[in-house]
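Protein chains in written order, with our numbering: chain W, 1 to 113; chain G, 1 to 111.
Hints are not guaranteed to be accurate.
As the list claims (entries may be wrong) - With the C-beta cut set under 10 Å, the calculated list includes, among others, these residues of chain G facing chain W:
#, residue
1, F34
2, Y36
3, L44
4, L46
5, K49
6, G53
7, Q58
8, K61
9, A92
10, G95
11, Q97
12, L99
13, F101
14, T103
15, L108
16, S110
In short, the hints are calculated from the structure, not lab data.
Backbone N, C-alpha and C define an ideal beta-carbon position, used for all residues, glycine too.
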Amino acid sequence: NAGVTQTPKFRVLKTGQSMTLLCAQDMNHEYMYWYRQDPGMGLRLIHYSVGEGTTAKGEVPDGYNVSRLKKQNFLLGLESAAPSQTSVYFCASSFGLAGNEQFFGPGTRLTVL
Amino acid sequence: AQSVTQPDIHITVSEGASLELRCNYSYGATPYLFWYVQSPGQGLQLLLKYFSGDTLVQGIKGFEAEFKRSQSSFNLRKPSVHWSDAAEYFCAVSGFQKLVFGTGTRLLVSP
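One chain only, chain W, in its complex shape (with noise of 0.2 Å):
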């Protein structure tokens, strides 16, 4: 049982350029969550999806897509890198939503240049 798991665990970007991070959870979790982590603010929701083939924008959707066409799986993508897109991201799933404690993967460490 691996839980929440994110690949790649860093990568480095020059601006304009796309990727795709994957989160994977092997739960049976129908919620997924993307966050970005900054300094001094805290995680921030990107995108989260309520069960396969559903997505929904959280706090900070700007500059990213995501897909859950599996539930196991939730893809965040950038299409146009930028140098403010640099922090670190976290995927979490849950079995529900109100109340339910939230899964951590470990991180991915994104620097766009």
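We have chain W already, so just place chain G on it with the hints.
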């Protein structure tokens, strides 16, 4: 909309001393409250959570937190800090569809 305030950015505690990390929340209804811990280079791990009932909640690693509705607070405590407790601590409040985090408190433990 819900929000969380953690007024202390950094706290330094001597090993063996007691610890209290402050958290104030804003939410219109009865909140679901959480404390998470993040060790350097790691993801977040749940320490404890409050849903309802007993206002003093016990968590892992010897931590506890007390929910005080009148003060809109959910402070985290530990009676005796260990060097391995050095980490960043996040308080969070859950609304219907999302978890809102505070900005975190970094705990430093001195010998």
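Hint check: is the beta carbon of G/K49 less than 10 Å from a beta carbon of chain W? holds (7 Å)
Would the hint on G/Q97 stand, with a C-beta cut-off of 10 Å toward chain W? holds (6 Å)
Quick one, is the G/L44 hint okay against chain W at 10 Å, beta carbons? Since the shortest Cβ distance to chain W is 4 Å, the answer is holds.
Hint check: is the beta carbon of G/Y36 less than 10 Å from a beta carbon of chain W? holds (8 Å)
Hey, does the G/L108 contact hint survive, CB to chain W under 10 Å? violated (16 Å)
Can you verify the interface hint for G/L99: is its Cβ closer than 10 Å to any Cβ in chain W? holds (6 Å)
Holds or violated: is the Cβ of G/F34 closer than 10 Å to a Cβ in chain W? holds (7 Å)
Given hint G/F101 near chain W, where the shortest CB pair must fall under 10 Å: holds (4 Å)
Are G/K61 and chain W close enough, Cβ to Cβ, to be under 10 Å, as the hint says? violated (16 Å)
Residue hint G/S110, partner chain W, criterion CB-CB below 10 Å: violated (22 Å)
Does the nearest C-beta of chain W fall within a distance shorter than 10 Å of the C-beta of G/T103? holds (4 Å)
Does G/G95 hold up as a contact with chain W if the rule is Cβ-Cβ below 10 Å? holds (6 Å)
Hints 6, 7, 8, 15, 16 from the list above are not met by this structure, while the remaining hints are.
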